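Add chain B to chain A, keeping to what the hints say.
Here the protein sequences line up with chains A and B, keeping their order. Just so you know, the first sequence maps onto residues 49 to 474 in this note's numbering. Just so you know, the second sequence maps onto residues 49 to 474 in this note's numbering.
Errors might be hidden in some of the hints.
For chains that are exact copies, the list does not tell them apart, and a pair is met inside one copy or across any two.
[Stated by the list, open to error] Result set (DMTMM-like, lysine to aspartate or glutamate): computed pairs, CA atoms no more than 20 angstroms apart in a straight line:
#, residue 1, residue 2
1, Lys276, Glu84
2, Lys457, Asp102
3, Lys376, Glu365
4, Lys421, Asp220
5, Lys150, Asp102
6, Lys294, Glu262
7, Lys96, Glu143
8, Lys384, Glu456
9, Lys427, Asp361
10, Lys273, Asp102
11, Lys294, Glu455
12, Lys294, Glu388
13, Lys96, Glu167
14, Lys457, Asp380
15, Lys294, Asp380
16, Lys96, Asp440
17, Lys376, Glu394
18, Lys273, Glu394
19, Lys274, Asp361
20, Lys376, Glu230
Read the hints as simulated data drawn from the structure, not as lab findings. These figures come from a predicted structure and were not determined experimentally.
Number of protein chains: 2
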Amino acid sequence: MRSQQEVDTTLQNPIFSNEGSDSQSQLPFGFANRTERMGSSAIREILKLTESPDVISFAGGLPAPESFPTKLLPTLEQEARRRYGGTILQYGTTEGFLPLRKAAVGMLQERGVWVNSLEEVRITSGSQQALDLLGKILINRGARVIVESPTYLGALQAFNAYGPEYVEVETDQDGMIPESLEEALRADGVCMVYSVPDFSNPTGISMSLERRIEIARILQEQSLKKGKIIPFIEDDPYGQLRYEGKQLDPVQSFAPHHVIYLTTLSKILAPGFRTGMVVARPEVLSMLVKAKQGADLYTSNILQAQAAVYIGDGLLEQHIPEIIGLYKPRRDAMLKALAEHFPQPEFSWSHPEGGLFIWATGPEGMVMEDVLKQAAGEKVAFVPGSPFFASDRGYNTMRLNFSFQSEEKIDRGMEILGRIVKANLP
Amino acid sequence: MRSQQEVDTTLQNPIFSNEGSDSQSQLPFGFANRTERMGSSAIREILKLTESPDVISFAGGLPAPESFPTKLLPTLEQEARRRYGGTILQYGTTEGFLPLRKAAVGMLQERGVWVNSLEEVRITSGSQQALDLLGKILINRGARVIVESPTYLGALQAFNAYGPEYVEVETDQDGMIPESLEEALRADGVCMVYSVPDFSNPTGISMSLERRIEIARILQEQSLKKGKIIPFIEDDPYGQLRYEGKQLDPVQSFAPHHVIYLTTLSKILAPGFRTGMVVARPEVLSMLVKAKQGADLYTSNILQAQAAVYIGDGLLEQHIPEIIGLYKPRRDAMLKALAEHFPQPEFSWSHPEGGLFIWATGPEGMVMEDVLKQAAGEKVAFVPGSPFFASDRGYNTMRLNFSFQSEEKIDRGMEILGRIVKANLP
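Isolated chain A, as found in the complex (with noise of 0.2 angstroms):
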């Protein structure tokens, strides 16, 4: 142990401060050579952006605070102690805690997945562990990953660890078109497909019915030519959060052996539950669970335990239809902005069913990272939507976010947005 005197000269001298006379914090430090892709996220600095109060963010993909039961609180809390007891504070299985895995069946089956028991479900810390622990068990440096275009920045940013080549499917208004999925899956070496089938970060565009028993066939037919299954992943975090419209099975009921179904509680309880599902096939899992182990050996068990009450006790099913009680009228409030503020032909948007979501795009030629930082100056933000795509294009393209915002500050902050997107027409 220091003493106090001695802490007190560390403060007035700090180790890390780059103009210390001692050579070796001169030498370079040798990084692996996978750390080149793991570029600073342009998400994660325009985020900083949305710290400050007084600017209307339409950056992130935040849920609402007041979307989370927050009243609840308290009662997951003692519920979970009660039930469980000091259990819940010890090692638990790299699997899942057993009354969450059990509790999430009825909530998959609800969800169209095609589950038949715990046995099928693996918890992982949020969604995003899951894209990572995918990536690290499917895909060899070089391999080919299929993804949409533009597809979730996250995920890229996941696999990107682990060394793949991108190929790009085209999307329309129905999601991923199956004709160029099929083009794709002729290359050699693919190792998967990634998806976001309902509600799409970053468009907010679902994939059509008839689309979904399509590539659930292509998925088939290209398996058995190449003789081995082509895995899909599905990711799916707002598939509940629908405003208009009839639910969607998802791929994986028309595809069961090929679909990796991921969803997650961040967006229907809350992000700070980090509590990610997976439905796959045995020996996915089994490997997930192997990878899972080396990664943060389990996901907490008290927060696992506590989204077991709200799952089990049907306090889930009752939260739905406030979350979407809230949210629908943002959407709604964002598309009439659009439409009164936004220069038409010149721009052109998706009109989600459901999610988080709005994506636009402008004029060839235009710029959004200009117009960002324009927006930044006059405290309104969005996410340009370059990063989104896994080449190099979309810079006439913009995310829009209309969780986070009251349909008052909607208006206010596209009315804005709209002013510079017109000033800055090409």
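Just chain B now, with coordinates in the frame of chain A:
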């Protein structure tokens, strides 16, 4: 959504059974090459034994449930909610929850870590995650990782995914042998050194103060020679659990540019909080945060906020003497039982001044996996030592955990184990 009738049909026809007529179920799944090193873990299989309450288990590395501040939990939950409100439910920063990082500085300084501000501290999902992230940012396939012989199995599991070669450094009753480290560092392509200097898992042995200073010197000298920093990962989960002798400053305090210091609250609060801490140079922390963003975005602020209350309000400081009061008699009971029931001079064992483990070595030719099989039949468990070696050796060694069982059960279990051990002498 599927109708109830359809759901019932699926329950009768499990889709994942092996007897399906669908040929797709027979197609192989292509996993990445790195999964070849994700073997099943001996510890995991043996931990399954400990789940039966009638087994006296010295396997695992579980803290005693009696050591958890279970009565404090409602207070931690309430205070976290009262102080930080609903914000703890929202997405948080990858760097960690600020109030926890702030509270951690004092705790780390008390431990002798050379740290000046929260800027030098990052939070991970348990220190197992720190091992995974450090593997990801430091290890190129084929690079050399220097480890103690034996070393922590969980570190090998985390690193294996990144394809290193291991170089073993010999240890004795004073820990890592400096000359052996110096020899190992002469090899090309060394990307890091990994060590548990205090009450090592698996041996319980601590590195002497003289060796810490000498190893710091070697790191600095060899880094200068190689023209780049050789990082030394100092994994310190047990440093605050000392039952006799004086606290020794971490290696980090003698070579703060070179050492990446890790600790965790798993053994001094509870594993369920999944709270690890990392102290390192700014460029390491920055890269670690990028890797963590792809791996799980951030660690739950619900739990980090409770941990901040626990440390910041001095509850940790009050609690540590209670844990020591519980574990010291258990260590003493196991040392006494070893002396009474184990054959001498055929066996020797470590005399740890803290931590959770004792390491016993039998005569050459003895195979502890056979002893385990017999012991399990008599409802006693331990971990054979060989999985803790990076190379194929150590079949005559065993790790004995003393934190989880009462003194009475330690005596009873060790009497049985001593009898089996004697019957298995070669």
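Verification of the supplied hints:
1. For a Cα distance limit of 20 angstroms, the shortest separation of lysine 276 from glutamate 84 across copies, 18 angstroms, qualifies, whereas the shortest one inside one copy, 32 angstroms, does not.
2. Proximity of lysine 457 to aspartate 102 under the C-alpha cut-off of 20 angstroms is restricted to the intra-copy arrangement: shortest distance 11 angstroms within a copy versus 61 angstroms between copies.
3. When the C-alpha separation of lysine 376 and glutamate 365 is checked against a cutoff of 20 angstroms, the pair qualifies only within one copy, where the shortest distance is 17 angstroms, while the shortest distance between copies is 49 angstroms.
4. Taking identical chains as interchangeable, the C-alpha atoms of lysine 421 and aspartate 220 are never at most 20 angstroms apart, the minima being 29 angstroms within one chain and 60 angstroms between chains.
5. With identical chains, the CA atoms of lysine 150 and aspartate 102 are never at most 20 angstroms apart, being 43 angstroms at best within one copy and 26 angstroms at best between copies.
6. For the homomeric pair lysine 294 and glutamate 262, the shortest alpha-carbon distance inside one copy (19 angstroms) is at most 20 angstroms, but the shortest distance between copies (69 angstroms) is not.
7. In this assembly of identical chains, lysine 96 and glutamate 143 lie within 20 angstroms of each other by CA distance solely across copies; the values are 13 angstroms between and 35 angstroms within a copy.
8. In this assembly of identical chains, lysine 384 and glutamate 456 lie within 20 angstroms of each other by CA distance solely inside one copy; the values are 12 angstroms within and 73 angstroms between copies.
9. In this assembly of identical chains, the alpha carbons of lysine 427 and aspartate 361 never lie at most 20 angstroms apart, being 42 angstroms within a copy and 38 angstroms across copies at closest.
10. In this assembly of identical chains, lysine 273 and aspartate 102 lie within 20 angstroms of each other by CA distance neither inside one copy nor across copies; the values are 56 angstroms within and 52 angstroms between.
11. Taking the shortest Cα distances, lysine 294 and glutamate 455 never come within 20 angstroms of each other, neither inside one copy (25 angstroms) nor across copies (62 angstroms).
12. In the homo-oligomer, the alpha carbons of lysine 294 and glutamate 388 never lie at most 20 angstroms apart, since the shortest distance is 28 angstroms inside one protomer and 72 angstroms across protomers.
13. For a Cα distance limit of 20 angstroms, the shortest separation of lysine 96 from glutamate 167 across copies, 17 angstroms, qualifies, whereas the shortest one inside one copy, 41 angstroms, does not.
14. Only within a single protomer do lysine 457 and aspartate 380 lie at most 20 angstroms apart by alpha-carbon distance; the minimum there is 13 angstroms, versus 66 angstroms between protomers.
15. In this homomeric assembly, lysine 294 and aspartate 380 come within 20 angstroms of each other (Cα to Cα) only inside a single copy, at 18 angstroms, whereas the closest approach across copies is 66 angstroms.
16. Neither within a single protomer nor between protomers do lysine 96 and aspartate 440 lie at most 20 angstroms apart by alpha-carbon distance, with minima of 24 angstroms and 49 angstroms respectively.
17. Taking the closest pair of Cα atoms, lysine 376 and glutamate 394 never come within 20 angstroms of each other, the shortest separation being 26 angstroms inside a single copy and 74 angstroms across copies.
18. With identical chains, the CA atoms of lysine 273 and glutamate 394 are never at most 20 angstroms apart, being 44 angstroms at best within one copy and 61 angstroms at best between copies.
19. In this homomeric assembly, lysine 274 and aspartate 361 never come within 20 angstroms of each other (Cα to Cα): the closest approach is 45 angstroms inside a single copy and 61 angstroms across copies.
20. In the homo-oligomer, the alpha carbons of lysine 376 and glutamate 230 never lie at most 20 angstroms apart, since the shortest distance is 35 angstroms inside one protomer and 65 angstroms across protomers.
Checked against the numbered hints given earlier, the structure breaks hints 4, 5, 9, 10, 11, 12, 16, 17, 18, 19 and 20 and satisfies all the rest.
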